[in-house]
Structure formats: C-alpha cells, structure tokens
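Engineer: With the hints as extra help, turn the sequences into a complete structure.
Residue numbers (the working numbering), protein chains in the order written: chain E, 5 to 382; chain B, 5 to 382; chain S, 5 to 382; chain C, 5 to 382.
There's no promise every hint is true.
Because identical chains share one entry, a pair is satisfied inside a single copy or across any pair of copies.
[What the hints assert, rightly or not] Computed list of lysine-lysine pairs in BS3-like fashion (alpha-carbon distance at most 30 Å, straight line):
1) Lys148 to Lys205
2) Lys271 to Lys49
3) Lys242 to Lys271
4) Lys271 to Lys205
Derived by calculation from the structure, the hints in this document are not laboratory data.
Note that the structure is predicted; figures quoted are calculated from it, not measured.
Number of protein chains: 4
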Amino acid sequence: IGRTLFNETHEAFRETARRFFEREVAPNHSRYEEQGHVDRDLWNKAGEAGLLLTAIPEEYGGLGGDRIVSAVIMEEQARVGASAVGFSLHSDIVAPYIFNFGTEEQKQNYLPRMASGELVGAIAMTEPGTGSDLQGIKTRAEDKGDHWLLNGSKIFITNGYLCDIVIVAAKTGNSGQGSADTSLFIVEAGLDGFTKGTPLKKIGMKGQDTCELFFSDVKLPKDAILGAPGTGFGMLMKELAWERLLIAILAQGAAEFAFEHTLDYAKNRQAFGRPIASFQVQRHKLAQLASEVSLGRVYTDECLRAEVEGRLSPAGAASAKCWVSEMCSRVIDQCVQIHGGYGFMWEYPVARAFVDNRVHQIYGGTNDIMRELIARSL
Amino acid sequence: IGRTLFNETHEAFRETARRFFEREVAPNHSRYEEQGHVDRDLWNKAGEAGLLLTAIPEEYGGLGGDRIVSAVIMEEQARVGASAVGFSLHSDIVAPYIFNFGTEEQKQNYLPRMASGELVGAIAMTEPGTGSDLQGIKTRAEDKGDHWLLNGSKIFITNGYLCDIVIVAAKTGNSGQGSADTSLFIVEAGLDGFTKGTPLKKIGMKGQDTCELFFSDVKLPKDAILGAPGTGFGMLMKELAWERLLIAILAQGAAEFAFEHTLDYAKNRQAFGRPIASFQVQRHKLAQLASEVSLGRVYTDECLRAEVEGRLSPAGAASAKCWVSEMCSRVIDQCVQIHGGYGFMWEYPVARAFVDNRVHQIYGGTNDIMRELIARSL
Amino acid sequence: IGRTLFNETHEAFRETARRFFEREVAPNHSRYEEQGHVDRDLWNKAGEAGLLLTAIPEEYGGLGGDRIVSAVIMEEQARVGASAVGFSLHSDIVAPYIFNFGTEEQKQNYLPRMASGELVGAIAMTEPGTGSDLQGIKTRAEDKGDHWLLNGSKIFITNGYLCDIVIVAAKTGNSGQGSADTSLFIVEAGLDGFTKGTPLKKIGMKGQDTCELFFSDVKLPKDAILGAPGTGFGMLMKELAWERLLIAILAQGAAEFAFEHTLDYAKNRQAFGRPIASFQVQRHKLAQLASEVSLGRVYTDECLRAEVEGRLSPAGAASAKCWVSEMCSRVIDQCVQIHGGYGFMWEYPVARAFVDNRVHQIYGGTNDIMRELIARSL
Amino acid sequence: IGRTLFNETHEAFRETARRFFEREVAPNHSRYEEQGHVDRDLWNKAGEAGLLLTAIPEEYGGLGGDRIVSAVIMEEQARVGASAVGFSLHSDIVAPYIFNFGTEEQKQNYLPRMASGELVGAIAMTEPGTGSDLQGIKTRAEDKGDHWLLNGSKIFITNGYLCDIVIVAAKTGNSGQGSADTSLFIVEAGLDGFTKGTPLKKIGMKGQDTCELFFSDVKLPKDAILGAPGTGFGMLMKELAWERLLIAILAQGAAEFAFEHTLDYAKNRQAFGRPIASFQVQRHKLAQLASEVSLGRVYTDECLRAEVEGRLSPAGAASAKCWVSEMCSRVIDQCVQIHGGYGFMWEYPVARAFVDNRVHQIYGGTNDIMRELIARSL
Ligand SMILES: Cc1cc2nc3c(=O)[nH]c(=O)nc-3n(C[C@H](O)[C@H](O)[C@H](O)COP(=O)(O)OP(=O)(O)OC[C@H]3O[C@@H](n4cnc5c(N)ncnc54)[C@H](O)[C@@H]3O)c2cc1C
Ligand SMILES: Cc1cc2nc3c(=O)[nH]c(=O)nc-3n(C[C@H](O)[C@H](O)[C@H](O)COP(=O)(O)OP(=O)(O)OC[C@H]3O[C@@H](n4cnc5c(N)ncnc54)[C@H](O)[C@@H]3O)c2cc1C
Ligand SMILES: Cc1cc2nc3c(=O)[nH]c(=O)nc-3n(C[C@H](O)[C@H](O)[C@H](O)COP(=O)(O)OP(=O)(O)OC[C@H]3O[C@@H](n4cnc5c(N)ncnc54)[C@H](O)[C@@H]3O)c2cc1C
Ligand SMILES: Cc1cc2nc3c(=O)[nH]c(=O)nc-3n(C[C@H](O)[C@H](O)[C@H](O)COP(=O)(O)OP(=O)(O)OC[C@H]3O[C@@H](n4cnc5c(N)ncnc54)[C@H](O)[C@@H]3O)c2cc1C
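Structural biologist: Structure representation (structure tokens):
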C-alpha cells in the first residue's frame, strides 16, 4: 500500500539527503568502520547541506521542519546502510533537549553551532553499572556554590568520541528518590577532568562511535545545568515517545533496505539453473518478509503521523520500537540466509545489516523495558 | 493509537449493529451451535434492522453505505464472538456479484429480497476434489439450448444449508483453459435435482452452516447465468482483494475480542494471592499481544481506507489476510493459555475463539495461496 | 533415528494394546465424544485385557511391568487418537499414590479392583478458585474424632464423572502454611454429600469425562486418609516428574499420529494436478515437522530411560512436558493447515488432534509453572 | 539429563583438549581475529598435543580414536568460543577423504604429516557461481596424458589461506551429468598457477581463514586424483551424514557455551537492585533456553551414538544440522538480549558467539538443502 505521509517539502528534502548519503557517506563508510567513527568534517558537510537540526526553528540555526523531515533523513540513511552516522541522535534527541528545556542563552550558544556541525552533540545516561534502571546512576554533580563538581563515568555513549558537548545525567540530590535527585548538565569536551575512552569495539555499527566518558572532578559552570536541579528525570521522560519512534523508523528503514537488496539478489542469483527467487520456499519467504515489512511501514508511518499531530502515546511508541526492531531482526536474519555464504561476508550489505541492526532491540530502553511500559498502559 | 476511519454515519451504524448482535444473536448463539446453523428468521430480523446489503444502493433495497459500514458490522459481530452469523458473505460477497455483474432483471429480482432477508445467499466454488485450484472444478453446466443442465457437487459452502440462492461456479467450455471455461450461475434452492447435505461438523464456527451441495441434472433457466459464458473466472478474480480484506477484518475483530476478554480475565483471576496479570511473564505476554493486535488494527484500517479509495492492491489484501489471520491465531492461542484450564472449556469465549478463528488461515484462499499471490507481485 | 527402548515384553504389550484400541475404542470413539465420556464397561474390558495398572505388582492385581509398558499403552492410545480414554491417569497416577503411600489395607482394598476395572480412579486437586497454586485450595476436611468431615468442591477432574474412588486434596491443618496443612483422602463415590456435575463441555477431548465434584458435609471414615495428616503436599510432589513425563509421552504420540496422517494426506491429496506433498513449501514444512517430531521422540525416550533408571530430574521432566507439548501444538497446527478445509472438519483426525492436544500445555501444571520449576533448577 | 556417551579414554582426551584450548588458543584468539587466521604454528602444536587426526589409525600417524573423540575436541573448542580453529575440518573431513578413498601412497604421503600439523588440509567445492548445486561447478581438470591441467576458482574455503594441501572438486568428464563428471584432486600449495586470495572479511569467525583459491593452468601429477575419475560426487556424498553431524556438534557446543555465560551473567548483573535473573521474564527465558539446549544435547548425543554404531541416516544427520543450528541461533540471540548493551560489544563472548555461529545454518549445505534431503526421505 502506498504511503500518504509526504508533501513536496519532504520530497525535496529526501532528494538532498539522498544525494548527501550517496556522495559523502557511502563511499567512505568502510573507512569509517575501520577507524571506528566518521570523519569529523562529515558533520560540517552535513551542516552545510542542511541535514542537521532540521526540526529546530530557523532562529536557532535550524530549518524549522517537522518530524517527518527527520524521518526522511533517517530513511535515506537507512537506504544506504549508513550505520556509522549519528545525525539523528544529535539533531532529534540532543538538540531538542536544549531547545525544549534550555535557557535562551543555552539555545543561542549551542543550537546554531550544532546546526552547522561545529559542535557534535551526545547524551550520556547509561553507566557501567546501570542501563535499564536510570534511577540507579552513580554519576554525581555536587553544588560547590560557584560551580558544579562532576564525578562518575558513562558508557555506550553514541557520538561520544567526537562529541563537543554532551548532556550528562547526574545525581544532584540526596532524597533517595532517583527521579527527584537527577539533573541534566551540558558538559563541553575539553574541560579538565573530562576524558574519553577509545571507541568501543562492537559486533556491528562499527563506524558509529560509541564511547566511555570519564568525569573526574570536572568543574562545570553554574549555568551548565539544563532546567532546574532535580528535574532531569522528568525531562528524560518527556521526549521518550519520540526517541523510541526514531529507533522504529531506523529499524524499519533497515528492514526495507535489506529486503530490497535480498529481493534483488534472489532474482539474480542462480542455483540449479534457476534464480533463487524461483524456488517456492524462497518465494514464500520473500512474500512473508514483504508482508512483515509492509506491516511495519504502515504502523511506523501511522505513529509518525500521530506524533506530528501530538497524539502518539508512550505505549504506542514503545510498541513500534519493540515490534519493528524485532521484525527488523527477523527479516534481516532471513535475508542473510537467502544470500547463502555471501550473507556471512562483510562486504555484502545484508551481512552488515545483520550485525548493525541487532542493536535496535537493545538501546533506547531494551524491548523488555518497552513491554513493561506497554503493560503499564493496559 | 486511535482510529481515524469513522464518521458519524458509521458510528450510528455501529450502535444499531451492536444492539442487534447483543439482543438478537448473543443470547441464542449456543443454540445455533447446537443446531449447526442460525435460526432462519434471524435473517429477516437482520433485514428489518437494516444490517444486510448495506453497501448496495438503495434502489435495490440496500442502504447505499460504503465498505466501512460493512466493516463496522463485522466488528460488532466479532465483539460478541458471533461466529455463527454469515451476513458478511451474503451482503458483501454474494450481493456484489449480482450487483456488479448481473442483469438489471437479476438485480431487481434478487437484491431487494436479499436485503430484506427473504433470500439467503451463498457462493459455491470449492469441490471435494479441488479448493485452492479453482480452475480444476468438475461441476459442469451444459448448454441445452433452452436451459443449462447442471451436474456436480460443492463442499464447505457457507450459508449452504439455509441458502435460497447460491452462485455456483461451473465449467461451461471445453477449451481446456480453466479460466476461460468457467461461468457463474445463480441457482435457486428448490430446483429439482439440487439437494443439500446436513451442516458439516466442524471444530469451530459450529453455529455457521457449512454444507455440501449436490447438483444432479438440475435444469437452470437460460438467464440463470451471471455475465457472459466463460467470464466466471474473471468475475471471481475481480473482487478478491475485498473478499480477503473481509477475512482480515473478521480475524482482527476476533483477536481484539479475545485479547480484551483475556486482559480482563488476567486482571481478575487470582493465583498465589495475586492477579494473574501481575506476574511479569503474563504482563509481558499481554504487552506483546497488545502490540500485535495494534499493528493488525492499524494495517487493517489502512487497507480499508485504501479499499474505499480504490487503491488496495491484491497483494496488499493478501498480506492483510495472511498476516492478520496468523496473528489472530497466535494471539488467541496465548489467550487460551492465559486462561489456564478455563481456556479449554467451551463456555469461555476465548475457548470458542480458539476453534472458530483457526479457519481464517484456510478459507478465502489458504495462506499459502496468499503467499503465492504476494510473491507474484514482488 | 531408530528407537532402542523396547524389549520383547514391551513389544508383546504393544500388540495387545494396539488390538484393544483398534477394536474396542476406535469404533466407539465418536459416540464417546457425543456422550462426553467412555462407556463404563470399557474399563472392565481394559481390565480384562490387562491394560490397567500394568506397573503395579502382581500381588495387588497389577502386572508388575515397568514404566515403559505404561508408555507403550499411551503410544498405542495416541496412535488412534483416542483422547477419550483416561487409563493413564487411573493406572499411572492414581494407583501409584495408593501403592506408594497407602496402608496395606488400602492397597488390598482398592488396587485389585482398580486393576480389573471394577473401580475407576480419579484425583482431585484443582478447585474453581485455584489450579496452579495448589497450596491455595479451600476444600477442607475437619477431624471429627471418629470421622473426617469433607467440604468443598473440585473442578476439571478427569474420570470424574465415572469415578468410583477419587483422591482428594484437602486442608486439614491451620498452620497457614499450605504445604503443611494439606492431606490426601481416598473418597468413594456414593458417599452421602458427594455429588458430581455433568461432564464439562470442552473444545476437545470431548469423550474424556472432566467433571466438577462437590463435597457437602461428606463423612469420611478415619482410614480414608492417605498417609499421615499434613503430608499430602509432599506426596503430590514426589511423583510429579513421572506425571509430567506422562503428558510429554501423550503429546509426543499425538504429534506423531498427526504427522503421519498428514504426510499420508499430503502425498495423496492433489491440487493443480500434483500431490500437495510435491510443492516445495509443503515438502519443507513436512521436513521441518519431521525434525521436530524426531527431536521430541529422542528426548522423550531418553527421559523415559532416565525415569526407569531413577535419574530423571523434576526439571528434566518439566522440560519434556513443556517443550513436547508446545511442539505438539505447533506441529498439529501445521498439520491442520496442510489439510486445507478438511483440517477444520471434525471427522478428520488432525482436526480433532488440534483441539484435543491443546490441553497438554495447560494441565499437569501449566507450562509457565514448568518454566518456574526449570528456572529454579538453574 | 546426564550424558552417557563417554568412557575414560574420552574423558582423558577431554582433559588434554581443554588444556590446549585454554592455554594455546584462548589467549591468542583476539590476535587471530585481527589477522584473519590462526598462527601457522598452532597447527604444529596441536599435532604435538595429539589433537589432529584422532580418528585416523595409528599406522598413518593418527590416534585410532572413534568419532566421539572428535566430538570431545569440538566440544572443548566450543567451550572457549574458539571459532578461529579449523582442526575439525582438517581432521574429520579432509583426512577421512584421503584415508577412505586414497591410494596407499597418498595415505602414507599425506596423513602422517597432517597428523603432525606439518600439512594443513582444506577442501574446495564451492565456487563463486555455485554452492548449493555442487553439480554446477565450473572448475575443470583436463587429462593431458601425463598430467591434469586444472583451471577454475573456489570460494569460501576454510583453512584456505594456510592450507598446504586442498582437495579440489573439478569436472573431468563431459557427460553433462554433473554427478558422473566430477572428480576430486589433492592439490598441493606451491604449485605453479595456484594462488590464494587474502582471507575474506566476514561478520564472524573472524579468526578462521576463509579464502578464495585460484587455479590457472595448474599442472597436477597424474596421481593427484583421489579415487577414479568421475567418482568424486559419490565420494562427496558418502561422508555427508558425518560432516553434518559435525556442524550440529559445533553448534550445540556453542549454544551451551553461550547459555552458560548468560546464566552466569544474569545471576550477577544487577538492575533495579536485583539480579537480572530474578526477573520472571528472564527466569522463564532462561528456562526456555535451558530446555532447548537440553533437547539439542540429547539429540546430538543420540545421533553421535548412532553414527558410531553405523546407523545414522543422512536424514537424521540433516535434521540435527538443521534443527541444532537454528536452535543455536535462537538461543544465542536471546543470550545477546539478556546481556543488554554488553551483548553488542565485541569483547563479550556472547556477542562473538552471535556472529560466529550464524554460519552453521549456511555452510555444509544450507538448511534449505537439509530440508530437501529430509523431505526426500519421508
Ligand atoms: C550501540 C549502543 C549505543 C548506545 N548509545 C547510548 C547513548 O548514546 N547514551 C546512553 O545513555 N546510552 C546508550 N546506550 C546504552 C543503552 O541504552 C543501554 O545499553 C540499554 O538501555 C540497556 O542497559 P544495559 O546495557 O545496562 O542493560 P541492563 O539494564 O543491565 O539489562 C540487562 C538485561 O536485563 C533486562 N532487564 C533489565 N531490567 C529488567 C526488568 N525490570 N525486568 C525484566 N528484564 C529486565 C534487560 O532487558 C536486558 O535484557 C547505547 C547502547 C548501545 C549498545
Ligand atoms: C468453514 C469454511 C467455510 C468455507 N466457505 C466456503 C464457501 O462459502 N464457498 C466456497 O466455495 N468455499 C468455501 N470454503 C472452502 C475453502 O475456500 C477451501 O477449503 C480453501 O480454499 C482450501 O481448499 P481445499 O480445502 O481444497 O485445500 P487444498 O486446495 O486441497 O489445499 C491443501 C493444502 O495444500 C496447500 N496448497 C494448495 N496448493 C498449493 C500450492 N500451489 N503451493 C503450495 N501449497 C499449496 C494449501 O495451502 C493447503 O495447505 C470454506 C471452507 C471452510 C473450512
Ligand atoms: C482437560 C483437563 C483435565 C484436567 N484434569 C485434572 C485432574 O484430573 N485433576 C486435577 O486436579 N486437575 C485437573 N485439571 C486442572 C489443571 O491441572 C489446571 O487447569 C491447571 O493446573 C491450571 O490451573 P488453573 O486452570 O486454575 O489456571 P490458573 O492457575 O488460574 O492459571 C491461569 C494462568 O496464569 C498462569 N500463572 C499461574 N501462576 C503463575 C505464576 N506464578 N507466574 C506466571 N504465570 C502464572 C498460568 O500459567 C495460566 O496461564 C485438568 C484440566 C483440564 C483442562
Ligand atoms: C564461513 C564459511 C566457510 C565455508 N567453508 C567451505 C569450505 O571449506 N569448502 C567449501 O567447499 N565451501 C565452504 N563454504 C561454502 C558453503 O558450503 C556454501 O556457502 C553453501 O553451501 C551455500 O552455497 P552458496 O553460498 O553458493 O549459496 P547458494 O547456493 O547461492 O544459495 C543461496 C540461497 O538459495 C537457497 N537455495 C539454493 N538452492 C535451493 C533450492 N533448490 N531450493 C530452495 N532454496 C535453495 C539456499 O538455501 C540459500 O538460501 C563455506 C561457507 C562459509 C560461509
């Protein structure tokens, strides 16, 4: 069934994004994978091309687009399997925190530079000892009168290695109630005591930098805090539906990408003198995959429409994140199988898709956590 | 996510249908199951209530509604688990054949009486020896100059026992090409040589009559044919997308029905001093089911919207039939399990749902046949 | 892979059992299903044929066979889909309770008559309000000095309608610790205040009687108790591994039965001018089913060997019950599908198998309870 | 359930193997992964330790062990996740070809040196254009009177980069019947015209060398042929059951390895103040995995017993390969999920297990090909 989501602006955007990913990203992707991160100047190029902070108003350097624009960019990223690129986290997660909860000064200070690619943004919640249970973090910022003193460490931070600013979740209170004790800080790279690990070696998403961050007596200016002390947890909760939908959109794009490659492969690869796609089991498998991908597409689009119209529930987003990420894995697993031995070779897009996209079930809240959320809404 | 499909007319219709199913059908359903068919006069009552042929124009006794109205009626039927009722086949499959392909006389003759419930309609394609392969039917109508002579037998015919007219697919040609040799006939019950078996004993849908029909030298008037000789196959193909979507809608309704019963049960049934729904495995299972049901709902609604707008592809409908019917079985199977021993007891709605709804994967073209269709479109 | 479990005695037994099920049971099975229970005299015939209490020593009227003999009988029962027959519960669950925990008098009194079929045995633990949580039962036996006074009700009791004696779990203590307060009683049918409901209507196993039992001020003689007061729970736990293995064996037999019927059907049924079994998707489906059935067979046999050698762990038996019952449902569901419309018709063995065998996931402790047990052993 | 397969010799062997893998392999495995192959001298060390060609008689340098010894070695390899090591292919596939079909001279020439690790063996059937369809190979050896002239190329050859000898399947006839035209040759590395690619980059098994081999006018001595011309296909078929069982054994070992790591992790990792393993969904997941792993273990052991006793059918081995490899993927996928973010990090054993073991469904004949085989036996 056709999609009914896009207007001309969106389509124009798609063109720009497609060109960028095909010309700037695709040819360099293997190199990114080797080095464990994209080239730093890719961010600047993306800024120039107008691909960053598209949903932030123009007065802050953004493009004033809607969330469908954000989705379009991710779809185009998925179309070339460019798992190395962390634009979406930067533009659609980090920037909105500053835009929604920051002071006018913070917005003026950071957003335009994030839009241009001068600053790369990250967000650091997870710690070695705690991921699902955000209230259990140990990183702490002490109010020292004229500054905050930050101590602790974070792990698995996307864009962490290249980031210039990172929003850090830290305990500021002692009430014992995690949700009331948590605050968010904008921490700039380069501060004394803030060091980064080397990009972590992962089974997939090898070009996307994922880092440990260490904070040892880092002095933060008083105005590094985002919103009021103790309101961090609330802020984190507010945009979760959108953040989860983002993952669904990525996973959906990846499933489509892998499916199309596989359909193509199956039509061309010969065995026993016939195209693979002519064997009934493969034909039915492809039909099954097509159905699942189509279901996911319709659901994701409907969620996106709901999101834009302000009526996407957290449970709806959690369903999308959960179901689409599992569908994505299921589909790609079959795509690998249909490729035979080639499905195991790094240079084949579905092989990389297999390892890259396993993560969608894990981050942004594991799927078990999603089911907890959905269950609570029943 | 909320539904955005219905206008006020639809909702008014829903009210009428809900009242009818609750008052006229639900209290008698067990009896229908015992006797293997609904009471004959239920049809007349449904006609009076304006629940038949809603999508047929008013000039032919219908209500001139759209297909969303048809869906609304089916949803309400599913809401009370009324698997005995065959209105949808009568109104949304049989009547459209006559409306779309019949002569003015045939329309005038049959449609108003079908709308009032005076005539019950059925359609007979499947034969003991052939179901999936429609071109392989053996029933044959010989052109005897002033009449057609019909011989053969049909099996698994819904509404067959109570039907007053039945559209019969029969071979009329000898080209050897099944698709070119097939014609459709409107056969009236009561004709000499046309006999019916007793309703078949099934594992579910026990109240819905499913019959064998036998034609032994049945003389049909020349104008009993629908459309031109040899065009039967084409007619059958034309409305298939809609017919399959109908099954998806039924299956979707059934999945929701079972899920709601189960959610309710799980919240109330206690074990180990706590509601079943408070055990994490059950909570996550319910969350999983909720997701799947929600996916199916969004997809079915989108297909229905596409159908109404004339853009539902056969493959899209096949995907819906296939995926939703399998989801329906998966979901209801879990619902049974969550009910423990009660899930195996006939009087529990989910128990009946388990056996009733298994059929959606089978009729209207088995799901394998659906996958063939989808595959062909890739 | 071949089976290596049976010696000549076992095989001789298989012959007897096969003959009995084919001659005495199969021809009457539909009737049993209509009436909701087997004929009472089937029990006597089975006793005569030496099919009851085969594992009980000869001095108590049994045959002194091992548990492989019990398995052989169940396999033969499964081979004809004779779900109506409750011999296994009677011989391999109820009788061992009396044999293992009864006084010499109780053994002499009941076992020989159970072996001959003069007495039909049942065991009643489940109550309307509690199934999984056995410690939560409400049925209570008060010690009235010279008798026990039994009050309460039981549900879902296999062989309940025809039973002559039933082992009833009841609370006798007030410690508040379910496990220490529970006792078992041998209750004879015919006692004042003991009434039976009519056989419950189920979706499957329609010929097997499953009943509610009501105890209203039933006076039990002092020696009706099995073992010491308060030891009931311990007794129930002791033979659980075996009881669960029995279910696995039944489910395994049913899966094989359905698979064989389906393989046969698929080789003979034609569609599009070819046997169903010649379509690659069906061929691969059959291969998949064959693998799963074979896995289950090897595992069940190995568990049986372990059981006979006294080294089957509760977790091992729980695994078998859980995995085999789910495999059984999965396999039979596919078997139904391969039968097309016929898979939905009561007269087809796989159709009945579909509804009959769903129960294995539920009774004997639901599969969730099995997973609890397995988890505890990890 | 306990295993009953091993005698003291086997257990002694297990000790040796365990020590070897723990001391010689585990500490170097990451380096093997970096370089894309094991160190060449690991082969010599393994030879010295008596871990190569254990099933070949002592007169040819082997150890005269049975196939259970081979299994023991593989289990120990799996126990440390040592996917880089290709001993099994060398010892249990390549050597038997020479032993079973070679001339006395060939045996004397190659086997002792293979046993010592002086020669590394490989077998090359697959070509870029054909994998599943072995009869479709294009590599050809022309009989030039005093030598064979070999031309063609092979892909995905395990041990290819380090191999000293490789058994190459090539066409020698022109009958058009692939099976009658195929011969096997023992080709020594170093021959003119025989070149190797660099190890292929794969998503997993990164330390195991998998190579392309190119033959351009390679002159082979007349006695390089194994068996008679045109008998290659028959030889390939003969040991297939064993070769497939080997894959099942590896996959089974890997599933157990991952499960044990995960059980351990789940008991120790805390979230929300409790061990992960204490959440009911995780507990039940672990129970489910334990069941599946246990099923696979019992089946694999039974197949191994059957193999040793000469009664393992090709279909039985295909079932084992197919079911166990899929179970292995299913289990490890869940293990990854239970590890949360750590499941995606290369340094975690389950992360590597996830990518390493996906291949079992693909090589040795894809699982679709297995299902073809099983289906043929039904
Ligand atoms: C590639 C990648 C990028 C990432 N990027 C970022 C980032 O930019 N910023 C950031 O802050 N984090 C990031 N993360 C971290 C990610 O959000 C966490 O890994 C994730 O939330 C899970 O936390 P954990 O790894 O600590 O798992 P745990 O919390 O330790 O969970 C382990 C397992 O226990 C289960 N579990 C936990 N609680 C329950 C419960 N109550 N009931 C049942 N099961 C439970 C989980 O589902 C999981 O299966 C990233 C992770 C990855 C892999
Ligand atoms: C309750 C009920 C109501 C029904 N109502 C009606 C009705 O009103 N009118 C009517 O005409 N019919 C009706 N049917 C019949 C129904 O449409 C057929 O049962 C269905 O189309 C399947 O046909 P079959 O039973 O002959 O199965 P078969 O065609 O014999 O198929 C058997 C199996 O083979 C598979 N198969 C067939 N062809 C292929 C292939 N090419 N490749 C792979 N697999 C294949 C099928 O998927 C199926 O699994 C009804 C059936 C039921 C159960
Ligand atoms: C055909 C048939 C024959 C039977 N024969 C007998 C008989 O002869 N004698 C007899 O005593 N009983 C018999 N039973 C009863 C049977 O043993 C119970 O139905 C079964 O144990 C489940 O109990 P319940 O129905 O009360 O379900 P409940 O205990 O109410 O369970 C409902 C649901 O909750 C789940 N659940 C329960 N506890 C937990 C938990 N802690 N964590 C997660 N999930 C949980 C269950 O898995 C199930 O899905 C029979 C049942 C049937 C259907
Ligand atoms: C790590 C690794 C190590 C290997 N080691 C060796 C080695 O040492 N020596 C060696 O010779 N080879 C080796 N191989 C090759 C391996 O055996 C082949 O990859 C495998 O047999 C599949 O062949 P293919 O890749 O050409 O897939 P194809 O044959 O192209 O198959 C593609 C897809 O089509 C499907 N398909 C094919 N035929 C049919 C059919 N009739 N019906 C339905 N579906 C069909 C397959 O199942 C698969 O899904 C190795 C492969 C890998 C990945």
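Engineer: Next, verify each hint and record whether it holds.
Structural biologist: Hint-by-hint comparison with the structure:
Taking the shortest alpha-carbon separations for Lys148 and Lys205, neither the intra-copy value of 37 Å nor the inter-copy value of 52 Å comes in at or below 30 Å. Taking identical chains as interchangeable, the C-alpha atoms of Lys271 and Lys49 are never at most 30 Å apart, the minima being 37 Å within one chain and 47 Å between chains. In the homo-oligomer, the alpha carbons of Lys242 and Lys271 lie at most 30 Å apart only across protomers (29 Å), although the nearest pairing inside one protomer, at 46 Å, exceeds that limit. Proximity of Lys271 and Lys205 under a CA criterion of 30 Å is satisfied inter-copy only: 25 Å between copies versus 35 Å inside one chain copy.
Hint violations for this structure: numbers 1 and 2, all remaining hints satisfied.
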